[in-house]
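Enquirer: In order, the protein sequence lines correspond to chains Y and F.
With the first letter of the first sequence counted as 1, position 188 gets the number 1167 in this note's numbering; the numbers rise by one all the way through.
With the first letter of the second sequence counted as 1, position 16 gets the number 988 in this note's numbering; the numbers rise by one all the way through.
Since the hints were made in silico from the structure, they are not lab data.
As the structure is a computational prediction, the values presented were derived from the model and not from experiment.
Ideal Cβ placement from N, Cα and C applies to all residues, glycine included.
The reader is advised that the hints may include incorrect statements.
Here are a few chain Y residues that sit away from chain F, every Cβ distance over 12 Å (derived from the structure) [stated by the list, open to error]: (1) Glu993; (2) Arg1015; (3) Asp1022; (4) Ala1023; (5) His1028; (6) Gly1090; (7) Gly1106; (8) Gly1113; (9) Pro1123.
Residues on chain F that point at chain Y, a partial pick, calculated with CB under 8 Å [stated by the list, open to error]: (10) His990; (11) Ala1008; (12) Phe1018; (13) Ala1070; (14) Ser1089.
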Amino acid sequence: MSDAGSHPSAFRLEALHAGEADAEAAAHVERCAACRAYLDGLDAERAAHQAAPMPAFLEAPANVVPFPARRSRLVYILPALAAAAALALVLLRPGADGPPPDEIRMKGAVGVVAIRDRDGAQVRERGRVLVRPGDRLRFEVTVPAAKSLSVVARPDDGPAEVLVSGARLEAGVHLLEPTLRADEEATRVTIWVGPPALVEPPAVPRDGPSVTSLRIESESP
Amino acid sequence: MRARVSSLTPDECKAIWHGHGHLLRRRCRMILRDDALGDDALQETFVKLLRYGGEYRNAASPLRFLYRVADRCCFELLERRSSRREDAPPDDWHGFAAPGVDPALRGAVLGFLHALSPEERQLAVLVFVDGLSQGEAAEEIGVSRVTVNKRVQALRERAERALRTPRREDG
């Protein structure tokens, strides 16, 4: 800060701590107990950091799906996710110009896989995924032929929320951008993917040739 | 001609993690005032370094280069977060401060960081988090000293108002 008095800036102290040469700052630290204490604190943080294991996203970066770091809570923020999903869905286009769902020829089953990121370690789960607080989830939807699909989250104890409504997906694998984060509350949500008429309220979705689901539950109730 | 974007190798990123990871983590957590969100930004920082971080090798100040990347990731998250209606009040950040930094003023500025323009955000972090002088900040972001003076004064007044007001200032 400009009025920081005679101390070097926080940045200069941190750069010095990181090994960057700064004779003036080093000389100051020699005679300043407050700055030495700050550097001692940083040294302690570094020691703790270096004692911890390397995160998985650095151990095997090629296998890691980039998480956009959206912090969401599975149960309580589902209403807000609807807007977020509509804005941030990767490879989805608005379905208004596409054919209505009943004109699409179904050539195979839609698939949905959850990618669970726990402390940087990722696993892919199909059918049911167990989460702990802090886990993050992304979803990969496989579409065998172009069609309009909706993605709906149905908590066991709350109203259904449409995350994506009638978006036109080309054939292929689509990674959905919204990331869900499990919080401290128990989580029991089913994610439904299928034609809007079959998964969006008031329809009660069921697994079938054109509808698929994924169950998300807390590891401990 | 298009500039070629070079990446860092996983081993280079591991070395950065080893030597600078703690500094980047505390910075991300501080700027976002939320440990979990800060850790998200930290991971995103390393993803960016792996893809585009080649300039790190020739940076005059490696730490400044890393902070620029981390700040960008934090600001991107701030922009996403500020538009979400369910957003909870951010956690208080309890990290210790360098002697030249006023933690109360820093906390107040970080409290309305999301409501600032990208350039103002960068300036706010350089001055109130990093403790740079206004001249250093002007050089870093490439604007005149006069402009920096005005903006810093406005930020300081806003922060002081926020500190006098019991309610959190949300822009």
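Enquirer: Now look at each hint and say whether the structure bears it out.
Expert: Hint check:
Distance check on Y:Glu993: its Cβ comes as close as 6 Å (rounded) to a Cβ of chain F, failing to clear the 12 Å threshold; non-interface status is violated. Listed as a non-interface residue, Y:Arg1015 fails to keep its Cβ farther than 12 Å from every Cβ of chain F; the least gap is roughly 10 Å. Listed as outside the interface, Y:Asp1022 is inconsistent with that label: its C-beta sits roughly 10 Å from the nearest C-beta of chain F, within the 12 Å cut-off. A cut-off of 12 Å between C-beta atoms contradicts the statement that Y:Ala1023 is not in contact with chain F; the least separation is 9 Å.
Against the 12 Å criterion, Y:His1028 falls within the reach of chain F, whose nearest CB is about 4 Å from its own CB. With a minimum CB-CB distance of about 26 Å to chain F, Y:Gly1090 clears the 12 Å threshold, and the non-interface call stands. With a minimum CB-CB distance of about 27 Å to chain F, Y:Gly1106 clears the 12 Å threshold, and the non-interface call stands. Not every beta carbon of chain F lies more than 12 Å from that of Y:Gly1113, the smallest distance being close to 7 Å; the non-interface claim is violated.
With a minimum CB-CB distance of about 30 Å to chain F, Y:Pro1123 clears the 12 Å threshold, and the non-interface call stands. Given the 8 Å rule on beta carbons, the hint for F:His990 holds: about 6 Å separates it from the nearest Cβ of chain Y. The interface hint given for F:Ala1008 holds, since its Cβ lies 6 Å from the closest Cβ of chain Y, which is under the 8 Å cut-off. For the restraint placing F:Phe1018 at the interface with chain Y, the shortest Cβ-Cβ distance is roughly 6 Å, inside the 8 Å limit, so the hint holds.
With a least beta-carbon distance of about 3 Å to chain Y, the hint placing F:Ala1070 at the interface is held under the 8 Å criterion. Taking 8 Å as the C-beta contact cut-off toward chain Y, the hint placing F:Ser1089 at the interface is violated, the least distance being around 21 Å.
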